[in-house]
Amino acid sequence: PGKLVKGMGGAMDLVAGVGRVIVVMDHTNKHGDSKVLQACTLPLTGTAVVDRIITNLGVLDVVEGGLRIVECAEGVSEADLRAATEATIVD
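The end of the sequence shown is residue 91 by this note's numbering, with every number in the run present.
There's no promise every hint is true.
Unchecked claim - Per label pair, the in silico range of CB-to-CB distance:
1. Gly2 to Ser77: 12 to 22 Å
2. Val18 to Pro43: 19 to 29 Å
3. Val18 to Cys40: 10 to 20 Å
4. Glu74 to Lys3: 30 to 40 Å
5. Ile54 to Ala79: 30 to 40 Å
6. Asp91 to Lys3: 31 to 41 Å
If you are wondering where the hints come from, they were derived from the structure by calculation, not from laboratory data. Each residue gets a CB set at the ideal place from its N, CA and C atoms; glycine is no exception.
Turn these sequences into a full structure, and let the hints steer you where they fit.
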């Protein structure tokens, strides 16, 4: 815990062997900073393979030009979701 561990960990199988990749994650880190970034800062297993991101704040689809809001979590406004997202949100 708290350390970055090298290795594929099966991610290659996930991104290469399926037709649709859905990521489930927390929207922000423990400091409140967005984890839904403009560009990945860690080594990538595959590029442009994620289709949908589901977080504790809402559901976003990966589309040309950025992300499209599908649904906000209960009690979360679209403005809240946009403010917590570093990546570009398109309409």
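Do the hints match the structure? See the list:
Hint check: Gly2 to Ser77, Cβ distance near 33 Å, so the stated range 12 to 22 Å is violated. A C-beta distance of roughly 20 Å is found between Val18 and Pro43, which places it inside the suggested range of 19 to 29 Å. Checked against the hint of 10 to 20 Å, the C-beta distance between Val18 and Cys40 comes to roughly 19 Å, which is consistent with it. Hint check: Glu74 to Lys3, Cβ distance near 34 Å, so the stated range 30 to 40 Å holds.
A beta carbon spacing of about 20 Å between Ile54 and Ala79 contradicts the range 30 to 40 Å that was offered as a hint. In this structure, Asp91 and Lys3 meet the distance hint of 31 to 41 Å, their C-beta atoms being roughly 40 Å apart.
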